[in-house]
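What follows is each chain in one-letter form.
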Amino acid sequence: MSLRVAQFIYRWRLYLSGAIVIGALILAPRAQIQVIDNDLTAWFSPDDPVYQDYVRFRDEFGGTRTVIVAIEAPSRERLFSEQGFAFLDKVSGDIERVQAVLRVSSLATATVVDVLPSSGVNDDGGLQVRRLIEDLETKSPGAVGQRAMDDELFRGDLISEDGTVTALILFFDEARIDDVRAEVLTEIRRLVDAQLPTGFKAHYNGSLEITEWYNRVTLANQTTFTPPILALTLLALFVMFRSVKKTLLTFGAILVSLLWTLGLYDLFGFSYNVLSSMIIPLVVVLAVADDVHILQHYGLERRTRSREQAFVGTVRHLMAPLFGASATTALGMLSLATSQVVAVREFGMGAAIGVMVDFAISIILVPTMLGWVKEERVAAPQESWFLGPLRSVAMFSTRHARAVMAVVIGLVVLAGVGMSRLRVDTNHINFFSERHELYTSAQVMDKKLAGIYTFQVFLEGAPESMQQPDILKRMDRLSTELKALPFVRKVTSVADYVKRVHRELNDGRQEAFVIPETSSEVAQELLVFGLGDEGRAELERMAASDFSRAQVTVKLASMSSDLVFVQVTEADRLAQQIFAGSGVKATVTGSGRLFSMLDHYLVRSQITSFATAFVTVFGVIFLVFRSWRFGLLSIAPNLVPVLAVFGVMGWLGISLNVATVMVASVALGVVDDDTIHFISRYRRETAAGATTDEAIETATTQEGRAALTTAVINCCAFAVLTLSEYRPSAWFGGLLALTMVMAFLAEVFILPAMIKLFPALFGAERVHAQGVGRA
Amino acid sequence: MARQVQDRDTGNDGRSTMRMRLFDRQGRVRERVLSTLSLKGGPGRPVPGDRSLTRFTYPNDINGTGFLVWENPAGEDERFLYLPSLGRVRRIAGNETQDSFVGSDFTYEDIGGREFNDYTYALLDENGTWTSPDGTSHPAFRLESRAKAAGARFPRVVSLVRKDNFVVVHGEIHNRRDELQKTFSVKKLDRVSGIWTVMEMAMSDTTARTRTELVVEKIEYNVGLKEADFSRRELERGAGR
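As they're listed, the protein sequences go chains A and B. Numbering follows my numbering, with no gaps: position 537 of the first sequence is 537. For my numbering, add 775 to where a residue sits in the second sequence, where the first one is 1.
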């Protein structure tokens, strides 16, 4: 069967290769990664209940995504100076003129409500609703600053406790901002930086800023690291094979694979994001692995046989293992298509397509191009360097199988302990180096202001329900309970506004800082609060116009997603408990809940993917080799490297997060390739009459050599990623290198040792008796 | 022409009942009913600036809540608030003409007219046309008003002014980015006691995605209101009527 397929490919090789190259050229324009989409819809499916909660909330109150500009002054006196207030006033006005900016909340736009003293017998006094900075006409800047610090609604949000940092919180038109985000954020920076008084510093953060940084990083990773990865791959290929033509043709094949994969990815309408950027390294790694096998096998065949014979022989012998290796990887990736996370789903489908396309290119294009290369008589360095040591490794593995397995068990235990330390955690801020401005700005906002992360408790009930005293008191109780949670910096609800107005209408008496007893009082006081534009805007953000819905906003310090998840879960428990029997439905939502849930989805995806991949590897090996025993044999060498990678992550404190979670998928893709090649070769050799030891030696020296060559090439190339200022990229580079090494070690140590330890299952005699492996 | 808009006859005083419908971004509507008294001020009149007393009569939870505004051409307006639940009149300081009128999409100046001296004007089109909701066309001026105050929330308004009666029948109100944010439109215009009166009007805000409709259910002009009808005591006393 494989002989006929090999002969068919040889006969049509030029047409098939031509079609592959023309296809790559046609798809090339689509392989441009310029538009990066790390928005919510890149991660959440529209029918996801958590996302639907958020959409329901967003439709009511607008988006929760903001940009926070923290202005840090050298001293409180400098901030509360004429110059400081003038800057805030000017820059707030300028930013409000930037497109898609809906509102700027700052000390310059803040409204204060004060009690007016009685001016005579017929005057009961009054209320003064005005912009805070209007006080500058009659008071000193220091006094105005103190007034701001005394206001519980501003303290933490707009001004730090020590009065040295103030915030401009920018709200945007959700319908427009994603289309113009990059230019709007650039314009805001330009406006602020250009007018910043000497000695002042501006720090930028907030959910929109983080999203934008993700886009920048994704793009930077593509543009900065792809060229050196490809260049180092080229160099390593040359060093391994010492042949310009072989290096160039392999490199060409890798590029063709990339063009096909990225082109098809775009053609299917998938978007590029921080996750899908991992497809490039995945395709490069697997393409190098496949092509090295072809190069090596073809080279050996060509020494004694004609071009046609070498072509057909190479394709015939590598068709099954390459197909098996690619199919297992592709099916493992395809299992991600069931993920709840859109980005994971698209990555899975895109990667599966890429892997199979790469298989076709490796089996058709590479041997076709090799036919045009004059075979060198001198052994390639990867042969002369690795053959001897690998022979010794084979000898060691077969003679000390028990010792090898004992070490493996020890390593598994060690990895297990490391895995117990592994945390599922995405801390978007900690992904950046401590020198990165996103990191330093988060530090300032966490220490001085109310933090940058938020979640909301969305309350839904009958019209007017949110201005009933009973419901407002429940809101107030929920706020109090939430404020007691660790990491919660600030909680705001419509109850705060009601209490505030009630106090001011009652001569500012602190004992009147309570929810009034009748709904009429509440309705009238809220009407008063909503008379001014600022008050009206605030009220619209906190409650629906018919008071059928309201929100409680919770601000958190920047922290890891598992901690956010704990806070969100606790908030949900409290909300359900407090609103039980009230007729009001409480739902915890907002970006904090979205991103903490995302982590759980990712882990679930990964577990599903692993489970599917392991079953698939077993299944494909069973199908390819028609042997359940060799299917079982593949489990340990596949599992151990993955466990080792997770173990190392646990020991090094690298969390399983939005970026590193894909390392495991890539790891499995690489590891199962090596296993399949080894088992295939072992079975072929034993079927041809070799003893167990002879077959292990050949498989180790030939397939192990290809695996080692691949590992060296890819380690050289991807080590460059460790230079990334974006930590997940650096981790990805390092962990990928570790995976390659572990996969190689598993192949040359674990497989031979297991074969030797269970001769009744895997020994040459058993294979002969079964009469299999002659494919 | 802008001066003629300002000076057109709107009566010396008036008494009206209005129904306000506030639509939010989801299209949900809340109704409020207000009764308003107004007295024209100015040189030679009993009061220096316009006065108005607005009281909510519906819904019940805000029934009796009232606002009294004393416009002051020489300085800041004086505003007073009466909340039945509080039982006392409070002075409110700090509101501006471009602030929301009782929490609606209209501003005080949309309702009471723009202060002539606060704007500069340009006639954009002398031969414009306004088509009323009943389909009839009316010749109109297209007038641009630019606020003199640098910090104005709505610095530019382009209005259609009917040539025959100088009533502003349509307005395009631009925000600080010079984007069209609010649109004012007259739905019904009647002559009441010889005075052209906007009986139905609407204001939509494209940014906030809200809309307010205001329907005059009853209006009387020149009913003989006095300065005393706009006192703080009246604000308080009228709540029980």
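It cannot be assumed that every hint is accurate.
As the list claims (entries may be wrong) - Cβ pair distances, simulated, as ranges:
| id | chain 1 | residue 1 | chain 2 | residue 2 | range |
| --- | --- | --- | --- | --- | --- |
| 1 | A | Gly583 | B | Arg794 | 45 to 55 Å |
| 2 | A | Gly199 | B | Thr792 | 58 to 68 Å |
| 3 | B | Arg1008 | A | Glu570 | 33 to 43 Å |
| 4 | B | Arg803 | A | Val615 | 46 to 56 Å |
| 5 | A | Thr518 | B | Arg803 | 21 to 31 Å |
| 6 | B | Asp784 | A | Glu137 | 31 to 41 Å |
| 7 | A | Asp47 | B | Gly862 | 48 to 58 Å |
| 8 | B | Gly862 | A | Glu511 | 50 to 60 Å |
| 9 | B | Asp939 | A | Gly583 | 32 to 42 Å |
In short, the hints are calculated from the structure, not lab data. C-beta atoms are modelled at their ideal positions from N, C-alpha and C, and glycine is treated no differently.
Status of the hints after comparison with the structure:
About 30 Å separates the C-beta atoms of Gly583 (chain A) and Arg794 (chain B), a value inconsistent with the hinted range of 45 to 55 Å. Taking 58 to 68 Å as the suggested C-beta distance range, the pair Gly199 (chain A) and Thr792 (chain B) conforms, at roughly 59 Å. Between Arg1008 (chain B) and Glu570 (chain A) the Cβ separation comes to about 54 Å, which falls outside the hinted range of 33 to 43 Å. The beta-carbon spacing between Arg803 (chain B) and Val615 (chain A), approximately 52 Å, falls within the hinted interval of 46 to 56 Å.
The given range of 21 to 31 Å is respected by Thr518 (chain A) and Arg803 (chain B), whose C-beta atoms sit roughly 24 Å from each other. The hinted window of 31 to 41 Å between Asp784 (chain B) and Glu137 (chain A) holds, with their beta carbons roughly 38 Å apart. Look at Asp47 (chain A) against Gly862 (chain B): about 53 Å separates their beta carbons, and that is inside 48 to 58 Å. At roughly 18 Å, the beta-carbon separation of Gly862 (chain B) and Glu511 (chain A) lies outside the given 50 to 60 Å, and the hint is violated.
The given range of 32 to 42 Å is broken by Asp939 (chain B) and Gly583 (chain A), whose C-beta atoms sit roughly 55 Å from each other.
Hints 1, 3, 8 and 9 from the earlier list are contradicted by this structure; the remaining hints agree with it.
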